[in-house]
Structure formats: structure tokens, C-alpha cells
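Trainee: Spelled out, the chains give:
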Amino acid sequence: MARMKFLCDAERCIECNACVTACKNEHEVPWGVNRRRVVVLEDGVPGEKSISVACMHCTDAPCAAVCPVDCFYTTDDGIVLHDKDLCIGCGYCFYACPFGAPQYPQQSAFGVRGKMDKCTFCAGGPEADNSDDEYAKYGRNRIAEGKLPLCAEMCSTKALLAGDGDLVADIYRQRVIRRGGRPKTWGWETAYQS
Amino acid sequence: MKLIRKKAASEVSSGQSRFAGEAIDRRTFLRRSGLALGGAAVATTLPPLMMRKARASMSGPKAGVETKVVKSICTHCAVGCGVYAEVQNGVWTGQEPAFDHPISLGAHCAKGASVRELGIGERRVKYPTKLEGGKWKRISWDQAINEIGDKMLEIRKTSGPDSVYWLGSAKFNNEQAYLFRKFYAMWGSNNGDHQARICHSTTVAGVANTWGYGAMTNSMNDIRHSKAILVCGGNPAEAHPVSLQHIFYAKERGAKLIVIDPRFTRTAAHADHYVRIRPGTDVPIVWGMLWHIFENGWEDKEFIRQRVYGMDQIREEVANWTPDEVEKVTGVDEATCKEAARLMAENRPSTYIWVMGGTQHTIGNNNTRAYCVFQLALGNMGVSGGGTNIFRGHDNVQGATDMCVLSHSLPGYYGLSAGAWKHWSRVWDVDYDWMQSRFDQGSYEKSKGKAVKPMNTKGIPVSRWIDGVLEDKANIAQKDNLRAMVLWGHSPNSQTRGLEMKKAMEKLDLLVIIDLVPTASAVMHDRTDGVYVLPAATQFETYGSVTASNRNLQWRSKVIEPLFESLPDQTIMYKFAKKLGFDEQFTKHIKVNNDEPLIEDITREYNRGMWTIGYTGQSPERLKAHQENWHTFNPNTMLAEGGPIDGEAYGLPWPCWGTPEMKHPGTPILYDTSKPVAEGGLNFRARFGVERDGVNLLAEGSAPVGNEIGDGHPEFDHKLLKELGWWDDLTADEKAAAEGRNWKTDLSGGIQRVAIKHGCAPFGNAKARAVVWNFPDPVPIHREPLYTSRRDLVEKYRTYDDRKSHYRLPVRYWSIQKQDFTKKYPLILTTGRLVEYEGGGDETRANPWLAELQQEMFLEIHPADATDRGILNGQQVWLEGAEGARLKVKADVTRRAARGVVWMPFHFAGHLQGKVLGDKYPEGTVPYVLGEAANTAMTYGYDSVTQMQETKCSLCQIELA
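Residue numbers (the numbering used here), protein chains in the order written: chain P, 1 to 194; chain H, 195 to 1155.
Rather than coming from a laboratory, the hints here were simulated on the basis of the structure. There's no promise every hint is true.
Only pairs whose alpha carbons sit at most 25 Å apart, straight line, appear in this in silico DSS-like list of lysine-lysine [claimed, not checked]:
#: 1; chain 1: P; residue 1: K158; chain 2: H; residue 2: K869
#: 2; chain 1: H; residue 1: K421; chain 2: P; residue 2: K49
#: 3; chain 1: H; residue 1: K421; chain 2: P; residue 2: K115
#: 4; chain 1: P; residue 1: K147; chain 2: H; residue 2: K265
#: 5; chain 1: P; residue 1: K137; chain 2: H; residue 2: K1084
#: 6; chain 1: P; residue 1: K49; chain 2: H; residue 2: K1084
#: 7; chain 1: H; residue 1: K256; chain 2: P; residue 2: K147
#: 8; chain 1: H; residue 1: K329; chain 2: H; residue 2: K1114
#: 9; chain 1: H; residue 1: K262; chain 2: P; residue 2: K147
#: 10; chain 1: P; residue 1: K84; chain 2: H; residue 2: K265
Remember, predicted model here, so these are calculated numbers, not experimental data.
Looking at chain P on its own, in the form it has when it is part of the complex (with noise of 0.2 Å):
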């Protein structure tokens, strides 16, 4: 079986956002919910590297480890997914997350929290595969349809990979082989003195 995973290429992230869009665009996710977001280091100087973060589908999801109401589950693919009937929006998988995965629709002025949302793997829900529930409360089931993350398979630069984690780590390793190493970015040297 499968244990899917995401990777971003640092080398190749440009920030273009064609994830976040992507996401966006599949899932018809609201304003002010971003289940994928990429985020930059040392923006604007030398050694800027970007990368685009979303959840992780951690094998040990620290998220399900705290849920008070239990509602996350891991699917045959080790991808980490949440029922929002019995999500009760308190907030606490987002204390648990080392990556900001979860999500809360703003629902008026006072930000009352709404039921979590984050990246789904493109997998869906406990619902039916694809049925309109199952749509509008987490956006399409690709994996479901036989097709990866579309935030992965827009990818401008083939930065993030998506897919069996075997798989991913076989595409990576021969980029890391061909780029010989070291990142060859101007700084690089200045930094090092090398």
C-alpha cells in the first residue's frame, strides 16, 4: 500500500502560488481559509528560499493525538483526514500542528471558530466518494477519481511532489544527484567562504 506524501523542491519553489490556486480552484475554498500557503525565508536577500506548506499527513498526526472529540482518521494510504460532523471547531489540533495546517472559516466580526478545515490529500471525506456532500464539505475527491493533489500536479516548476512517498523520494534523489549537492545560488559562497 501507498503512504502518500508531500516534498517542495526548495531549489525549485519560486512563490508563484499556482498551489494555492489550485487548491482554491478544486476545492472552491473560502476567503481567509488556506489549506496550502507557501511561505518565504530571508525574503528579499540573498539565500531567499521559499517553500509551500500545507498538512502534512503525518504518520503520528500530532492533530488526532489531541482531538477531544476524535475525528480524525488515517486512511489506507497514511493520508490524515477529519469528519466535520463531529468536529466541534475548538482549536486545539491548531495548538498541535507544527505546521499551521488547520483552518477555521471566519464566521463574523468576533472570529468565532467554525469547524476545522485543511489540506485533504485531494481525499475527501468520510462521505460518499464525490458525492455533493462529500464536495461541500471538503472539496473533490481526486485521490478517489485515481489522481494525485492538483496543487502538486500544477506545480510551475515541479517544486512539490506529490504521491507514494517511495516514489517521490526516488524523482527527488535523482534531482539531488544531478544538482550535485549544494544549492549553486548567488550568496551561497559569500556566506560560507567557500
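Put chain H on the given structure of chain P with help from the hints.
Mentor: The following block gives chain H in isolation, referenced to the frame of chain P:
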């Protein structure tokens, strides 16, 4: 369970960093800054939960419903990415990656990944509207066409046809662009133009005058074969993100990426070598690099001997650009400059990429020619991995340029001479006398002492339309001022001098906007009447061909029917032609169904006329076959391998010579002599005669493989064919058509066929011109910008004298530059792009998926400049441009900007000098995000050849708001 305590990922966005020394990212900065204000604004515009429900029921894919998959091409930039659209019951329900598309291989940027929104979004113009007594009033299409048409005919009667301006668009597909050019020709004016004027006109003029054609020579995919890649004045990571896929392909195989830019761009962040120049010093940095190349003997001497004219004169100029002088003018030290030159010279083939940072200057044509000369010196032309890879902007700006939606030429760059008009009159099958009668019969200009008529004189360019309205009538070389403006797919905020544009809009008799979105043209003025907004369909609601940056034509199929009351552009054109009384000539050989001219007939018509640049072989049938067979093309070569179109280049990149029946495969790399012309080989064009001052202009000992002459030769005409004894290779019909004609005007294509049969390029085989003797600066030289920050350099690098008439209008140069603005405006001001928005941004800011990512207009300022002004990161500031416009924007304090240089994105509109214009939009059309338009503050300045606007160098001052 194993819970490890970690810092929250939101750490990145929680620092209260005052300076960018701590480097917080731009979006974090915006997100945070928008918290108080944006949150409330968003809540009012988009109740999130409600939207989710409404949207889900409206547009989500339904299980068990038949899904149709339609192939199209992204409508944003000219990379030309493939789109798979999923449609259920006429609703666009899904978008899939086009993995088999030869250019994008499934990839998109933020804009491309969101195009489905165009099929479900609601912030569009939905029905014809007019401004009456300060209020928008819904009207019918018939009423709109009648009222606008009547007013135009009245203006035509009193002021002549030249008082109506037809501003077209790079958002047209090829068929619409061609039809639009034909439209204003038959209206009887050359006052039509489009965005190419303000993006790459200096490229087209400079490059075409160097070696023949003014387009990207290789392709995005061909960059895979480069060993060094120089990006100069461009930021493809944001403007053409999918091209980075090919750049990285090369880079990961050892190619060196060099970026020359005043700003440390997201592209620079991935470079091996970054060179920061002062804005507007392109010629000095290029000559600086060339100085090292000549100094070290790195130039390709044999290539120069065989294929280049005038390099000696270049050497003389380059000798002046010693490392000291380069550092003094550009700010780049000797080692940095030499390293860039060395990387390009030692890693050949190397390619040169440039975009708007090079073109949008008063000396834009000098810049583009300097880039070409650099590549000629290194012998990088006509080879895979080399070339000048000029990235075009809008999705079809290459096609609309080729169709010459311009004020100075007929389709195919035929010009405006009597011969050009006769050629197109023949193609259109209309009487040349009738064509002439459509124009103003007066004369307002002289050429070589002889009076010339408006039909044969360049019209007012889009960059100067405001002067066509505001300038004293006595100074304009046409009968009257512009009185009616038609903005058909154009964002006014992409143009400089915003406050004067507002005045011009208010002075007009009639303002017509035809677009998906109302654009700033609907709101930036204080008119109360005489404005019409008509809904145009998107390119997903019609079909046709689109030319990507690399000259290939891609076919788009129709995804959905036009939404609301919008109509495809070709239908709107036909309706106007009918109202204005020339529909019969307009569509003489084009079938019209229910007011919609048939797209395929339009393609076939331009196939019959565009001989100059080889838009003749791309029949609708061939283009559709290429669309159906995306998967058969090899992305490394762009050639089909096997399948029904084996051996053809993807999209039949022009020139695709001869008739469609000749089956020319297209030309994937221009001027590549390693292949026969019949297989896409070529050489430099013989466009400028055969000799000059006793020097041979034809190629010497260089010709494409299989060329039977084996050397340089002039362009083909009936005489040359006879002299060579090849005349009898023509069929009897071809002979009849070719008699007295040349390769450009023989409508049978026989002359081209026979030339190619003998291995010759129809346009001759010549040297490239390093010296363009017919331009103001034959050898490209440096001239300081009009609003220069360096008064010490003005004397040595002075601009041009003012000109009395160029493109019908006076042009100011020295009268501006001689004034010192630096005391009041000490900072340099420059502009650029963001990945989320396209052009003026009106369409993309109305797309919530994109708008959410960039919610506020900002400027980038260096920490030192901010400190000097007491400005903290995230504060509101006033920016005052050198002509007095004041913009209220947020300060992003960052080292991305150089000290002394301020940068702004130009996609915003809807605020004007601190005033929010949101309530002025027609109901339901206000974009999600509004902001100050950067170009409100950009100043006067136009290229000496093409009237390109200067948007990359001006001056400003900034203070805390």
C-alpha cells in the same frame, strides 16, 4: 504517543521586524497589515460560509453527470500553458493539468491555476451599461450599438475618421486581432493600437531592424539546451513562472543563471550570479560586458565575419565603456561585470532573455539592439540553446503584434505604403479606391518634401492617446483632436501620466469600454455622461488561435457559452461594422452566422495575405491537428515524433512558409543554418539592401544546409527567379500569379515554394546589422533618462532634442531633462509585476482566489531610505511622482529594493491620490482588491523610434502619511 514540542510554523509571520534585515516575506507583511482593515472589508464583500454553499451548488462537479473535457490555452501570459477544462451541462466544473502539453507539461502559475474562475465568477460586466446623469443604466445591445454608432458617425462628419481612436488588445485571439485591424482600416484611420506599443514595441523595432524579424528567436523549451542564461530586465519567476521549469531544467544540468536587474527579484534569488544596476543603464552594462569580451578575444570572429555588418563601429563605442566608466554609470564594479561576461562567453550556447525592464525606456530601441549585438558578438544566434529569448507579455501579444493592431502597419508588418494597402485590398477583395475613400483626404505631414495623406502616415500610438486629446490642435498632424475613445480590452492604469489621462477622459465626447471587467476607465474620471461599458466574452467563451511568445500558434476550443449578455469580440466588431456601414466589405469572404463571423474563415483569410512572416501555412485544420496531438511532441525539440504530424514543430511557429498544402513544418529556431529551410532552417533576412557604402550586406560563405546558391543572396522576386533559371519550376497558375510580384505579394505562394525547393529562404540571405543607420542612434548609445537622478552625467549622456512631430505629435526630450528635479525628488522610481495579477490587473483582482493573495498596494523601499524618512515597515506613506501625482500606499521596507530606488507593482487601480473609487463601478463589478495605480505617478518619456512609454525610470519623494 510521541508529541514533540515545536515552534508553530506561524513564527515566520509573528515577528515585529522593523527592517528587512530580519527579512519577513512580502505576503506575511501584507497579511499582517491587512488584519485590521482587510478583515472587515472581506467580511462585507464575501460572507465566507454563504459563499461556500452557493458556490458548491453552482459550480462543483457532480457525480454521475457526463463530463466533457475541452482543450484550451491559458489567457494570461505568453508562455502559452495548456488547459484541460472539465465541463458538465455547460458549466465549467473542473480544471485538470495538461501533462501532455509540450510547453507547460501540466504546470501553471497562480493565474493559470485559477482560470476556471472566469467561468463561474460574477464580478464581470454582465450587460451593456451607460453612464447617464452620473448613474449607470442598463441598456440593450441594440441601443448601445446604435447610440455609439450614431455618435461616431457624427464625429466622423465633423472631425474626420481620425478623431475616433480604436484601442485594441493583446487579449484578442489571432482571428479577432486580424479582424480588428481590418475593422479600423475600413473605418478609415490608422488611429488604432494595442498593448504591444507599451510592452515590446522597442524590441520589435530594434530586433527586426537588426536581423529581420522582431520576435523571440528560440523558445521557452529550447532554453533547456542553454549552458548559460542571462535574464536582463525581467522577472520570469513572477511574470512567466512556467518558463522557470525549462530554465531550471538547464540549470540543474549545469547551466549558469545570471540576472541583471535593479531589484533583487524572485528570479535573482535563484541566480548563480546577480548584477544590480541603476535603472536605465542597460546599454552601459551590455557594452561593459562586451568590453571584457573584446578585451579577452572571446567574440566569435568567424560568425561576425560571415554574418554581421558593422561590428567595427560597435567596437569603437564599446572601447569607451571601460570598467571605470561602467562602474561610474551603472554602479557595477569590474569583477561583477566581468564575471557576467565570462559566464556567458565560456558557457556557450548562452541565451539572452529580456523583458520590460529593457524595453520601456526613452532609449528602449538602443537597449534591445545592444542585447542583439551582444549575442551576435558571441555567435549565439541561430543555435539551439542560444538566441534572444524575448518573453512576450500577454497571452496573444505576439499574435496581435503580428496582425499589426498597431498604428504604423498593416497585418504582417507590411507598413502603410500604397503598395501595402494595395496588397491587403487584393486579399480582402475590395477596391483600392474604395479603401482610399474611407480615409481623410487632407494632408498634415510631409515626407521628403512631399505631402502625404493620413492613410499613409503613422497614427497616434496608444502611449500618446492622451496627447491626441489634450494637445493643441495646431500641433497635431491630423484634422482634429481625438474625440472618441474605444478601449477594447485595455487597462488604462498600464499607462503613465495618470492625472493627465483623467483630464483626457473628461475632455472626450465619447468613451466606450468593451471588456470583461469595467477597468479603471469606468471610474478614474469624473464624467457623468457619454461612457458606455459593453460586456465582451472571455477567450474560453469563443475559440480560435493564439500565438505564444515563441511564435507558435495554438488552437483554443470553446469551453463554455458566453456568460450573461457578453458577446465574443468578433460578433461585437461585426455589429459595429454593420452600424457604421462597411459590413459588406468587412466580411466579404467570411461567413457570418447570427452576426458572428466564422473564425476558421478569418484564419484562412489571413493565411492568404501574411506572406512576410509566414502566417500562411497554419490553416485551421493543421492547427487543430496540432491541438489534438499535443502528446506527440518532444518537449526538448518541440518536434512531433511519430503520429499523424511527424516531424512538424509544435504550433507551426512562424515563419511557416508557403501555402498549407506545402506542409512546411514551421521554424522553431530563427536563423538556424544547420537545417534546410524546408525543415525549419533559416538565415538572417536581406531587408536592408545588398550593400552600403561599398560594404557587402549579404552573408559571406554562410547559408542554410541545402541552399543551392551557397552564399548570401537578395530577397526573391519574379526577376530573381528568372535570372536563376528557376522560373519554370512554377506551375502555369503560379506563373500567372507571380508575374511582377515578389515573395511578399505573390498570393499563390509559388515564389516561396520554388525558393525553398532550392534550399533558399524567400527573404534572402544577409548579414545582421549591428548598426541600424536609419535610427536616431545607429550605434546603440547610452542616454540618461529624462528624469535622471544623475545630473553629473547629463552633459555626457544627454537625451535627444525635442521633436516637432513623431507619430503625429510633438515629443519632448531635452526640455524635460535639462530641468533638475532631484532636489525635490531624490529617489528613483521604477515598477514591475506580481505573479498573482496580470497587466492592469482588473480581471485578476476580480478573481477572489488571486485577490486574496495580494490585498494591498505597496511600495518597496530600502531600509536606509526608510530610516531617513522616519518610515517603519507597514506604515502608510505618500509617494509623490516627479510630475506631482500623490499616491497613498503601504511601505514595504526591504533590501529587495536598492538604496535610492523605490519599486511599485503596477497592477492596482481604483484608488486615485488617496481617494477610493469603489462606489463608482457599475453594480456588481467592483474588483475584490483596489489600490493606487503606480502609473499615476509615472512620468513623461517616449522611445525615439516607437513611442514606447518610459515606466522604468522616474523620480519621486516619499513621506509618512
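Trainee: For each hint, tell me whether it holds in the structure or not.
Mentor: Each hint, compared with the structure:
The suggested pairing of K158 (chain P) with K869 (chain H) is violated, with an alpha-carbon distance near 33 Å, which exceeds 25 Å. Taking the CA atoms of K421 (chain H) and K49 (chain P), the gap is near 24 Å; set against the 25 Å cutoff, the hint holds. Between K421 (chain H) and K115 (chain P) the alpha-carbon distance is near 52 Å, which puts this suggested pair outside the 25 Å criterion. Proposed proximity of K147 (chain P) and K265 (chain H) is supported: the alpha carbons are some 19 Å apart, at most 25 Å.
A distance of roughly 37 Å separates the Cα atoms of K137 (chain P) and K1084 (chain H); the hinted pair therefore is violated under the 25 Å criterion. About 24 Å separates the Cα atoms of K49 (chain P) and K1084 (chain H), which keeps this hinted pair within 25 Å; it holds. In summary, the hint linking K256 (chain H) to K147 (chain P) is supported, as the alpha carbons are separated by about 17 Å, within the 25 Å threshold. Proposed proximity of K329 (chain H) and K1114 (chain H) is supported: the alpha carbons are some 9 Å apart, at most 25 Å.
With a C-alpha separation of about 17 Å, the suggested pairing of K262 (chain H) with K147 (chain P) holds against the 25 Å cut-off. The straight-line distance between the Cα atoms of K84 (chain P) and K265 (chain H) is roughly 36 Å, outside the 25 Å bound, and the hint therefore fails.
Checked against the numbered hints given earlier, the structure breaks hints 1, 3, 5, 10 and satisfies all the rest.
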